[in-house]
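**Student:** Counting from 426, one number per residue, gives the positions in the sequence shown under my numbering.
Read the hints as simulated data drawn from the structure, not as lab findings.
Cβ coordinates follow ideal geometry from the N, Cα and C atoms, glycine included.
It is possible that part of the hints are untrue.
[Said to hold, decoys possible] Per label pair, the in silico range of CB-to-CB distance: (1) 743 / 606: 30 to 36 Å; (2) 686 / 520: 44 to 50 Å; (3) 439 / 743: 17 to 23 Å; (4) 729 / 464: 26 to 32 Å; (5) 437 / 629: 37 to 43 Å; (6) 517 / 667: 47 to 53 Å; (7) 725 / 558: 25 to 31 Å; (8) 682 / 743: 16 to 22 Å; (9) 570 / 492: 21 to 27 Å; (10) 667 / 464: 46 to 52 Å; (11) 736 / 480: 18 to 24 Å; (12) 608 / 473: 34 to 40 Å.
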Amino acid sequence: MKPAIVGIAGPALLPEEAALFRAHPPAGVILFRRNIADPGQLAGLMADLRRVLPVTACVMVDQEGGRVARLRPPYWRDHPPARMIGGLFDRRPADALRAAFLTGALIGADCRAAGFTVTAAPVLDLSVPGAHDVIGDRALADDPRIIARLGRAMAAGIGAAGVQAIGKHVPGHGRSRVDSHLDLPRVEATDLGADILPFALNADLPWMMTAHIVYPAFDPILPATLSARVIGGIIRGRIGFEGVLVTDDLAMKALSGKPAELAARALAAGCDIALYCSGEFAPTEALLRACPPLAPVSARRLESARRWAVRRRLHLDPAALAAERDGLNA
């Protein structure tokens, strides 16, 4: 198995994609709106993917709630943006913590029913005045300890549905003044203690996702995704994270270079999994061919992440959870 999670082109698995995944099996596949039409189509796609992927491969989706949602009405539930939950905390902290859990559980239930095993949530980034709105209302709050508590509750809900949660974007995207989908941000602040605190207080999450950002206080040249200094010294060291570390999408314009080369650099810097989402066949093929086999330590982390979700899974009644959440938000 290769240490990569990759996208596919459209709503059906193409023959060349299936052949590639058999020849160079990835650690997983990530699906986007271009891949999802309705529950019947998605079920067929999931079945096709499971026929060609390794048994232990994950199927990931970016399902945070709010504007970042790949499963949408009318077939799937709508979920509030993170900041709405944070606003509730300002008025009724206990209700907000419950709402965060319920939202995580409902997101997780939707994901699990659709066949996903991993969702890229919760966002643990700070809300920072004047920053680019690429994070914006995706941030739970501006207080790192509140973010940590609400993020933990949301991750617990995701786990209760039997789905693996990803904390993002470590070591913190909230101060960015440009969109890393379009350009490479630099965060010039020298004291980033508040930014990393929500991650440190959730260091036991099964997954975290890196930020494509240069933090001169940590590494004056390389973005976190490609920096052994940031990954080793800050993410694994100061934050204390020991789980699966996945890159943000290597197709984002914050990074320059061929995807296969970026994947090699990210893995060499200490990431466990390279994420490449474009769905374009040629660069995806090149990346998978070039990737080395999954490292034993990364395989152990992936297995630990699977066990995290198995241990936390509960019997859930989504309709009852949704009614309870509606009542809290009233």
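**Student:** The structure should be examined with respect to each hint, and the outcome stated for every one.
**Tutor:** Hints and how they fare:
| no. | hint | in the structure |
| --- | --- | --- |
| 1 | 743 / 606: 30 to 36 Å | holds (32 Å) |
| 2 | 686 / 520: 44 to 50 Å | holds (48 Å) |
| 3 | 439 / 743: 17 to 23 Å | violated (33 Å) |
| 4 | 729 / 464: 26 to 32 Å | holds (31 Å) |
| 5 | 437 / 629: 37 to 43 Å | holds (38 Å) |
| 6 | 517 / 667: 47 to 53 Å | violated (34 Å) |
| 7 | 725 / 558: 25 to 31 Å | violated (38 Å) |
| 8 | 682 / 743: 16 to 22 Å | violated (43 Å) |
| 9 | 570 / 492: 21 to 27 Å | holds (25 Å) |
| 10 | 667 / 464: 46 to 52 Å | violated (36 Å) |
| 11 | 736 / 480: 18 to 24 Å | holds (19 Å) |
| 12 | 608 / 473: 34 to 40 Å | holds (36 Å) |
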